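Student: The whole structure should be built from the sequences, with the hints applied where relevant.
2 protein chains.
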Amino acid sequence: MFSKACEYGIKATIYIAVKSMRHTRVSLKEIAEEVNSPVAFTAKILQSLAKSGIIDSHKGPTGGFEIEESKIDTIKLHDIVHAIDGDNIFVGCGLGLKQCDATQPCPVHDKFVGIRENLKMMLQNTSLYELATGLDIGLTHLKR
Amino acid sequence: MFSKACEYGIKATIYIAVKSMRHTRVSLKEIAEEVNSPVAFTAKILQSLAKSGIIDSHKGPTGGFEIEESKIDTIKLHDIVHAIDGDNIFVGCGLGLKQCDATQPCPVHDKFVGIRENLKMMLQNTSLYELATGLDIGLTHLKR
DNA sequence: TTTATTTAAGATAAATTTGTCCGAAATAAG
DNA sequence: CTTATTTCGGACAAATTTATCTTAAATAAA
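Quick note, the sequences are listed as chains A and B, same order. The first sequence begins at 1 in the working numbering and counts up by one. The second sequence begins at 1 in the working numbering and counts up by one.
Check each hint, because a few of them may be wrong.
Which copy is meant is left open, because identical chains are indistinguishable; a pair holds if it fits in one copy or across any two.
[Claimed, not checked] In silico DMTMM-like pairs for lysine to aspartate or glutamate, Cα to Cα no more than 25 Å straight-line:
hint: 1; residue 1: 4; residue 2: 130
hint: 2; residue 1: 98; residue 2: 130
hint: 3; residue 1: 98; residue 2: 30
hint: 4; residue 1: 29; residue 2: 79
hint: 5; residue 1: 120; residue 2: 85
Don't read these hints as lab results, they were simulated from the structure. None of the values given here were measured: they were computed from a predicted structure.
Tutor: Here is the structure:
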């Protein structure tokens, strides 16, 4: 469904959010360990998330990553996915046709608009806050 | 959503079905043209669909691909996708965790089971017959 | 039987995604 | 100022997916 980059990015962002709610910066190394992701690859993804303004990065000792606490509630899963995978999950024909819409649909067009709309709604409605809180109180987990 | 291989496979199967309903075999070349897919790559996909028993292939002059007419109604979109992409779309954690279920869920587990169930139901409920008929009567298209 | 045609199969190549490595830049602390 | 730490950025490498090419095998028809 999502790319590996996106999977790592989502997990990392949730972890950073949990720590940020406790006013703690986290290092790349810690993130990669807690999220079970390759360090160097995770670095790249965090870089792009930082450029997208979803997370903040700080160099040097005591540096690391964090998320502005006020943002945690407004950031949606959709924003993270979009920052990493772009909008290719949300737009485009299910069979790869350039020209496919309600007036000139591919054979699966109608079937697809429904589930894609579901997916989109889900991503737009789930906040980073709720994901981070679930992890924080031990309801969910990020490893294994 | 689907791999390129799967997109080509679905389109090819629908096209073969339309022709088979008219009792006509179609060649690889014709399929690739009508479906706008790379010939050699399409050949590979058709090969695996033939091995899966979804389509029949015949060598030599007057050879080509066809689908047993009685099957067209029972073959579901799910079968085609499964034959090409396997079950990786239907199973597995949305964040790539090995261990992720209702008792020990990842942060997006509950959100995902819903839309995945939707997708699965959609694929299991749409028959090749209905897709082929839509194309045949000009309601849908496969090119561009 | 010979020939032309068509799919099968395996090797190879290109493109993309995933992942690694290393030096540069920033920066906190001694 | 120097040093240690941490992210940044670019080059590089491996793995996977997508795509091509060539030869073999099957087979219909002359």
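Student: Could you run down the list of hints and mark each one as holding or not?
Tutor: Tested hints:
Proximity of residue 4 and residue 130 under a CA criterion of 25 Å is satisfied intra-copy only: 22 Å inside one chain copy versus 35 Å between copies. For the homomeric pair residue 98 and residue 130, the shortest alpha-carbon distance between copies (22 Å) is at most 25 Å, but the shortest distance inside one copy (37 Å) is not. Within a single copy, residue 98 and residue 30 get their C-alpha atoms only as close as 43 Å, which misses the 25 Å cut-off; across copies the closest is 20 Å, which meets it. Taking CA atoms no more than 25 Å apart as the test, residue 29 paired with residue 79 passes inside one copy only; the shortest distance there is 24 Å, against 43 Å between copies.
Within a single copy, residue 120 and residue 85 get their C-alpha atoms as close as 14 Å, and across copies as close as 23 Å, so both meet the 25 Å cut-off.
When each numbered hint is compared with the structure, no violation occurs for any of them.
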